[in-house]
Amino acid sequence: MDSTIFSILLLDGMTNGAVYALLGLATVLVFSVTRVIFIPQGEFVAYGALTLAIFQTGQVPGTVWLLLIMAVLAAVLDARLSWLHSGNAAKAAKAGLRTLLIPAVIALVSLWAAPQNFPLLVQAALTVAIVTSFGPLVYRLAYQSLADASSLVLLIVSVGVHFAMTGLGLLFFGAEGFRNPSFWDMRVSLGGLAIKGQAIIIFMVSLALIVLLWQFFSRTLYGKALQATAVNRLGARLMGISTIGAGQATFAMAALIGALSGLLIGPTTTVFYDSGFLIGLKGFVAAVMGGLQSYPLAAVGAIFVGLVEAFGSFWASAFKEVIVFTLVLPILLWRSMAGGHDEEH
Amino acid sequence: MTLVSTLQHWLHNARVQRVTVFACMLLYAVSPVPDFWITQLNYIALYSLVILGLVLLTGIGGLTSFGQAAFVGIGAYTSAYLTTSMGWSPWLTVFAGLFITAISALVVGWITLRMSGHYLPLATIAWGLSLYYLMGNLDALGKYDGIQGVPALLIGSWDVSQGRSFFVLAWSLVLLGVFGLLNLLDSRTGRAIRAMRASVLMAEAMGVDTLRHKVGIFLIAALFASVSGWLFAHFQRTVNPSPFGLKMGIEYLFMAVLGGVGYVWGAIGGAVLTKLLEDQLQVLLPKLLGTSGSYEVIVFGIVLVLVLKYLPDGMWSLVGRWLPKPERVDDWQRAAVLPERTKPALGETVLEVTDIRKQFGGLTAVKDITFSIKAGQIVGLIGPNGAGKSTTFNLVSGVLGLTSGTVKFRGETISGLPSRDIANRGMSRTFQHVKMIPEMTVLENVALGAQLRGSKSALSSMLRLDRAEEQSLLREAARQLERIGMGHALHEQAGNLAMGPQRLMEIARALCSDPALLLLDEPAAGLRHKEKQALAGVLRQLRSEGMSILLVEHDMDLVMDVTDHIVVMEFGTKLMDGTPAEVQQSPQVRAAYLGMEH
Numbered sequence: 001m002d003s004t005i006f007s008i009l010l011l012d013g014m015t016n017g018a019v020y021a022l023l024g025l026a027t028v029l030v031f032s033v034t035r036v037i038f039i040p041q042g043e044f045v046a047y048g049a050l051t052l053a054i055f056q057t058g059q060v061p062g063t064v065w066l067l068l069i070m071a072v073l074a075a076v077l078d079a080r081l082s083w084l085h086s087g088n089a090a091k092a093a094k095a096g097l098r099t100l101l102i103p104a105v106i107a108l109v110s111l112w113a114a115p116q117n118f119p120l121l122v123q124a125a126l127t128v129a130i131v132t133s134f135g136p137l138v139y140r141l142a143y144q145s146l147a148d149a150s151s152l153v154l155l156i157v158s159v160g161v162h163f164a165m166t167g168l169g170l171l172f173f174g175a176e177g178f179r180n181p182s183f184w185d186m187r188v189s190l191g192g193l194a195i196k197g198q199a200i201i202i203f204m205v206s207l208a209l210i211v212l213l214w215q216f217f218s219r220t221l222y223g224k225a226l227q228a229t230a231v232n233r234l235g236a237r238l239m240g241i242s243t244i245g246a247g248q249a250t251f252a253m254a255a256l257i258g259a260l261s262g263l264l265i266g267p268t269t270t271v272f273y274d275s276g277f278l279i280g281l282k283g284f285v286a287a288v289m290g291g292l293q294s295y296p297l298a299a300v301g302a303i304f305v306g307l308v309e310a311f312g313s314f315w316a317s318a319f320k321e322v323i324v325f326t327l328v329l330p331i332l333l334w335r336s337m338a339g340g341h342d343e344e345h
Numbered sequence: 346m347t348l349v350s351t352l353q354h355w356l357h358n359a360r361v362q363r364v365t366v367f368a369c370m371l372l373y374a375v376s377p378v379p380d381f382w383i384t385q386l387n388y389i390a391l392y393s394l395v396i397l398g399l400v401l402l403t404g405i406g407g408l409t410s411f412g413q414a415a416f417v418g419i420g421a422y423t424s425a426y427l428t429t430s431m432g433w434s435p436w437l438t439v440f441a442g443l444f445i446t447a448i449s450a451l452v453v454g455w456i457t458l459r460m461s462g463h464y465l466p467l468a469t470i471a472w473g474l475s476l477y478y479l480m481g482n483l484d485a486l487g488k489y490d491g492i493q494g495v496p497a498l499l500i501g502s503w504d505v506s507q508g509r510s511f512f513v514l515a516w517s518l519v520l521l522g523v524f525g526l527l528n529l530l531d532s533r534t535g536r537a538i539r540a541m542r543a544s545v546l547m548a549e550a551m552g553v554d555t556l557r558h559k560v561g562i563f564l565i566a567a568l569f570a571s572v573s574g575w576l577f578a579h580f581q582r583t584v585n586p587s588p589f590g591l592k593m594g595i596e597y598l599f600m601a602v603l604g605g606v607g608y609v610w611g612a613i614g615g616a617v618l619t620k621l622l623e624d625q626l627q628v629l630l631p632k633l634l635g636t637s638g639s640y641e642v643i644v645f646g647i648v649l650v651l652v653l654k655y656l657p658d659g660m661w662s663l664v665g666r667w668l669p670k671p672e673r674v675d676d677w678q679r680a681a682v683l684p685e686r687t688k689p690a691l692g693e694t695v696l697e698v699t700d701i702r703k704q705f706g707g708l709t710a711v712k713d714i715t716f717s718i719k720a721g722q723i724v725g726l727i728g729p730n731g732a733g734k735s736t737t738f739n740l741v742s743g744v745l746g747l748t749s750g751t752v753k754f755r756g757e758t759i760s761g762l763p764s765r766d767i768a769n770r771g772m773s774r775t776f777q778h779v780k781m782i783p784e785m786t787v788l789e790n791v792a793l794g795a796q797l798r799g800s801k802s803a804l805s806s807m808l809r810l811d812r813a814e815e816q817s818l819l820r821e822a823a824r825q826l827e828r829i830g831m832g833h834a835l836h837e838q839a840g841n842l843a844m845g846p847q848r849l850m851e852i853a854r855a856l857c858s859d860p861a862l863l864l865l866d867e868p869a870a871g872l873r874h875k876e877k878q879a880l881a882g883v884l885r886q887l888r889s890e891g892m893s894i895l896l897v898e899h900d901m902d903l904v905m906d907v908t909d910h911i912v913v914m915e916f917g918t919k920l921m922d923g924t925p926a927e928v929q930q931s932p933q934v935r936a937a938y939l940g941m942e943h
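These protein sequence lines map, in sequence, to chains H and B. With our numbering applied, the first sequence has no gaps in its numbers, which climb one by one up to 345 at the end. With our numbering applied, the second sequence has no gaps in its numbers, which climb one by one up to 943 at the end.
If you're looking for bench data, these hints aren't it; they were derived computationally from the structure. Treat the hints with care, as some may be off.
Stated by the list, open to error - In silico DSSO-like pairs for lysine-lysine, Cα to Cα no more than 30 Å straight-line: (1) H:Lys320 <-> B:Lys488; (2) H:Lys91 <-> B:Lys654; (3) B:Lys919 <-> B:Lys719.
As the list claims (entries may be wrong) - Facing chain B, a subset of chain H residues (Cβ under 10 Å, in silico): (4) Tyr143; (5) Leu146; (6) Leu152; (7) Ala175; (8) Phe284; (9) Ala316; (10) Phe325; (11) Leu327; (12) Ser336.
Cβ coordinates follow ideal geometry from the N, Cα and C atoms, glycine included.
Input sequences plus hints: build the corresponding full structure.
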């Protein structure tokens, strides 16, 4: 291997690693606030990339209809809950409408915007809005009423959500893959190494998001409230922090990160309806390296996973997935040796 | 006996039930049902074997795995490869498959199970994926095309790998698995597994090596899956990676949850329901949606979430309550008496605690506490809330590690030992908040205390070779329950007991381990007046039999009534110690409790 190949692989690994870092952070975020091991994180990636791809063809993505259906279901549930609590029909209707409002507006705008062939960035913004709205709805429909269940049950729910979302992805996007246009068609040549604009965007966005998350949790009151929820749900509730609100906000953030990751990788590879799962799981391997609780370790782990994958695909391309996923075992061994004896419950 | 009562008696007899089920299976095979339904049930048998393992792992043990399909794959590929490339007999390859499966399961389990519960499922996801890609990329295994021409299973010249004869083979193995699991659950090992799920702390205090049991049930579940894979390879006569992928791994868990992951028979119910549902959906959904594709996963996903929400015990919980339950037969009356350890002589020092200290970061919870207990003595440990009593208690019993100081038990230094080793030396404890297995009977809960007095393995339990020992353990449990006056409640479900009897049951469980020293953590909390009097009677009786007791308690009447010596703690330090009369008269103690004269 000469130095050119080495630097190409290095760049490739770092670029993918940056995306895995985002997904790893989302995984840590969701787990630490809600105790949910969020397997379907990768589905948001695929939904993001593919929703944009369908917008590009001038059609209405199926995710818009799914968004409407889920919003109506959630609205009905919220209205019913409010009715059971207060017995006041006006209040119940209000609660339902509040849940319905934002997703409905986003869906209507998407329906109107789809055939207009707006510029790429407008479509990307719409895509982010759509996919991000899925976050709170998924939490509302699948997890909210089980929030106090054991983390084993929550994990099995995650698997169910993953199944449903993959199947729906197939229904909406079909079995064909899509590759999105690049956001920035630029190439810089740096000593024989071609750096693409998209790679630069990936690095910038990942870095910006990591800094934003870090600032959010250490500097803002709401970020601290979310952390409090993570430590002790009951205690947080007694302090007036809504655990339901915390759950929905966390899932919105996870979906946002997923959608952005989808936009970032869309131009670099062909995305299929089920591609998200593997990409998300690589973020997971990174998160496991951070013990599902450390953001910096998860980010470092992600770059590591990206590099292993890049060099693995060079030396043994058929076995690159085998190598990446078997990596979990030595990582876990290292964690258990390093004293990761966290007692359960 | 009338005919009806004889029939009823038979209905509740476990052996009769099993023979009936087996006979029904054989009858089904020879009955003129269409071949289609034989084939369907053949697949269901293959699924059931895997799900049986998941029932043990998830429903009973509280762990889970999404990688069971990978173990099926190991069983299938090992046999396919060895029979086609090496010419081995399929009757040998099953053992080769089991061997490789066992090694993989031990490695994965040993690495992940020392950490908290959610790492096992995560590791099995990764493991399942990497194995899938490995099978699909190895030239020797035919890459994604797999291996064709796997030989049939022959007994002489009789082909048992298809149709009705395969049905009998597969279902015999399933029923063997079912009966083996039922046997295991009703044994010393089964109680240990349930205890581990209820509380690792309690299980360890009863002498259960929880890590070993966790790895053990993961291993058993993997071996069940491996057998299913072996059958699959010779039934299909070909293998390729797709049925062993992660999707199938998740589907197995779906079947288990749908059927009722806590019930052995629920495993089969879940497999039946899923197979029927899948067949219907694969026809119906493409018609409905107008395109082809495996859309049934959408329904599976949604059903899985709904079942966990609205029917967490699965379908079997609806069916199971209508079926006759096998009753425990009182067969231990003439069992051999368990050997007892030699007890310390009256007046000999049993426990010697010297300058023990526990720091949590900057907080010193227990500071240089010293006291000792002699055989036949009840020592009370009292103090206001937050004085460090429970911490002291946990330091002595090995639940917490010491920062400094030593604990000597019967002349041997035990500080630093894990709680199960301390239990093994004859120290037994109860818990401030009762820790029991609510769905087991009182007798079974108490028998858990005798865990270390038995030695039969999981395998001998599955084969029912442990009955003599089991009867001895149950006899001891019954004896201890009678000793504390609960002889009438042996077969009641522990979860139905009131607070008082639950605490007494914990004492009986501790006694069942044949201890030289009993540690009781607030045994009178939440008891009514009469129950407290009864408890005091029990404690006095135990002392008169030579037992030493360390009692942490808030109820002063009880403490002053039964103890010989009292240690008073405040803010982690020892305030004083002395006889009950001395303590009562001490102005220091009054000040500590009532906050005056400071």
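So if I understand the rule, the pair passes when the alpha-carbon distance is 30 Å or less; does Lys919 of chain B with Lys719 of chain B pass?
The given pair, whose Cα atoms are some 19 Å apart, holds under the 30 Å limit.
Checklist entry - Can the hint on Ala175 of chain H be confirmed by a CB-to-CB distance to chain B that is less than 10 Å? => result At 7 Å from the nearest chain B Cβ, Ala175 of chain H passes the 10 Å test, so the hint holds.
### Query
At a threshold of 10 Å, is the proposed contact between Phe284 of chain H and chain B supported by beta-carbon distances?
holds, 7 Å
Is the straight-line distance between the alpha-carbon of Lys91 of chain H and that of Lys654 of chain B 30 Å or less? holds, 26 Å
Checklist entry - Can the hint on Leu327 of chain H be confirmed by a CB-to-CB distance to chain B that is less than 10 Å? => result Where the cut-off is 10 Å and the nearest Cβ of chain B is about 8 Å from Leu327 of chain H, the hint holds.
| task | Have a go at the Tyr143 of chain H hint: is there a Cβ in chain B nearer than 10 Å to its own Cβ? | result | holds, 9 Å
Checklist line | Status of the hint placing Phe325 of chain H at chain B (closest C-beta pair under 10 Å) | finding: holds, 4 Å
* Asked: Are Ser336 of chain H and chain B close enough, Cβ to Cβ, to be under 10 Å, as the hint says?
  -> Hint holds; Ser336 of chain H Cβ to chain B Cβ min 5 Å, cut 10 Å.
task = Verify the interface restraint on Leu146 of chain H: the C-beta must sit less than 10 Å from at least one C-beta of chain B.
result = holds, 6 Å
Given the hinted pair Lys320 of chain H and Lys488 of chain B, is their Cα-Cα distance within 30 Å?
holds, 15 Å
Quiz item: If you take the shortest Cβ to Cβ gap from Leu152 of chain H to chain B, is it below 10 Å?
Solution: holds, 6 Å
For this session: So, Ala316 of chain H near chain B? Judge it on the closest CB pair being under 10 Å.
Result: At about 9 Å, which falls below the 10 Å cut-off, the nearest Cβ of chain B leaves the hint on Ala316 of chain H intact, so it holds.
In this structure, every one of the numbered hints holds.
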